[in-house]
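Colleague: Sequence:
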Amino acid sequence: EIGFDLVGITGARPMTELAALLEERRKTGLWPPFVSAQVEERLDPGRLLPGAQAVIMVALNYYYPLTGPAAELGLSRSTLGTDYHLVLGAMLEKLGQKLQEIEPGLRYRKFVDTGPLLERELARRAGLGWIGKNTNLLTPSFGSWVFLGGLVVNRELEEDRPLPRDCGDCTRCLEACPAGALEGPYRLNPHRCLSYLTQKKGFLTGEERERLGGRVYGCDTCQAACPVNAKGARVTQHEAFQPRWPQDLSLADLALLDNATFRRLFGQSTLAWRGKTNLKRNAVIALGLRGERDALPVLAQALQDASPVVRGQAAWALGRLTAPEAPDLLERALAGEKDPRVVQELQRALAALK
Numbered sequence: 001e002i003g004f005d006l007v008g009i010t011g012a013r014p015m016t017e018l019a020a021l022l023e024e025r026r027k028t029g030l031w032p033p034f035v036s037a038q039v040e041e042r043l044d045p046g047r048l049l050p051g052a053q054a055v056i057m058v059a060l061n062y063y064y065p066l067t068g069p070a071a072e073l074g075l076s077r078s079t080l081g082t083d084y085h086l087v088l089g090a091m092l093e094k095l096g097q098k099l100q101e102i103e104p105g106l107r108y109r110k111f112v113d114t115g116p117l118l119e120r121e122l123a124r125r126a127g128l129g130w131i132g133k134n135t136n137l138l139t140p141s142f143g144s145w146v147f148l149g150g151l152v153v154n155r156e157l158e159e160d161r162p163l164p165r166d167c168g169d170c171t172r173c174l175e176a177c178p179a180g181a182l183e184g185p186y187r188l189n190p191h192r193c194l195s196y197l198t199q200k201k202g203f204l205t206g207e208e209r210e211r212l213g214g215r216v217y218g219c220d221t222c223q224a225a226c227p228v229n230a231k232g233a234r235v236t237q238h239e240a241f242q243p244r245w246p247q248d249l250s251l252a253d254l255a256l257l258d259n260a261t262f263r264r265l266f267g268q269s270t271l272a273w274r275g276k277t278n279l280k281r282n283a284v285i286a287l288g289l290r291g292e293r294d295a296l297p298v299l300a301q302a303l304q305d306a307s308p309v310v311r312g313q314a315a316w317a318l319g320r321l322t323a324p325e326a327p328d329l330l331e332r333a334l335a336g337e338k339d340p341r342v343v344q345e346l347q348r349a350l351a352a353l354k
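The opening position of the sequence shown corresponds to residue 1 in my numbering, with each subsequent residue numbered one higher.
Please keep in mind that the hints were generated in silico from the structure rather than gathered at the bench. Note that the Cβ used here is the ideal one computed from N, Cα and C, for glycine as well. Treat the hints with care, as some may be off.
Pairs of lysine to aspartate or glutamate, EDC-like flavour, derived with a Cα cap of 16 Å [said to hold, decoys possible]:
1. K98 with E1
2. K354 with D339
3. K94 with E1
Label-pair distances were calculated between CB atoms; the ranges are [unchecked claim]:
4. G68 with T261: 34 to 40 Å
5. P140 with E207: 25 to 31 Å
6. R263 with R290: 33 to 39 Å
7. R107 with G336: 34 to 40 Å
8. K201 with R234: 55 to 61 Å
9. Q268 with R341: 49 to 55 Å
10. E93 with W31: 27 to 33 Å
11. R107 with A19: 22 to 28 Å
12. C170 with R107: 51 to 57 Å
13. P104 with R341: 55 to 61 Å
14. R26 with P227: 40 to 46 Å
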């Protein structure tokens, strides 16, 4: 009735058996960015809702095929439509209100992946799927092309059983990862993951720029390699997750985004939370990696960007072009540049061309 593609229920017992694993990951530097550093918050639904007795886990299929220019943009499928935090949040709120109509006195707290709880483990326990070797949740119906959310409630509910499935001997995702971020089955190094790298703010190192390989936001490589996903790739029926931006959008368009265009195209997408600068920076890097001469006018404009991060990466990108105009552009930019980080990038780019 509300429109969830998958629903399952598990108990709200603390996931104490995972405490040692989380502590080990924190101590070895494998703790992911953007999540709570408090182990207890990640394991105990009762920390989110005192008196919690059950967790209702839900999933929405977001898969949409990318063709033509859109497939070359370096944007992951999770970025195509409306921000899933908004979509799932509204649907979970509707579910909570309906449950309160049925059961007066029921209390609930909703969460998507902005909350501290281990939503993939809760989804596994609720029978939605199993954990793949790339650490994603794999569902029988949609593969890992799903967004997850949950509702913690203070009522005991009949629990679903975990699925008795795993990935067997398959290691395609581990072999496909171009950055070596999957250091072994179920072991992700988030600091090497290209999806995390596209979201990292500020100047990227030369090695990090090369490692991006043209990705602008997110990375679907390990998911695309998964045979379960090949079978489960069903086009989403949720209009909210279909592309909001023109299918002929180019890297040049992204590199030169202004505030109004960014808000119009991406203001309601998952791209918005890391801001315009990250998107422009990554597009400029992608143009540099391609090394095509027709990128020169775009990079020349990016060299005048208000953000020193974009200017610095534009200098690096120009240093990779064989265009005879590039040295003059860099020299003129160097003469007026005040930011020491950009100055260094300009000097390196000129040295590379010489």
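Colleague: What are the numbers of the hints the structure violates, in ascending order?
Modeller: Result: hints 2, 4, 5, 6, 7, 8, 9, 12, 14 break, sorted rising.
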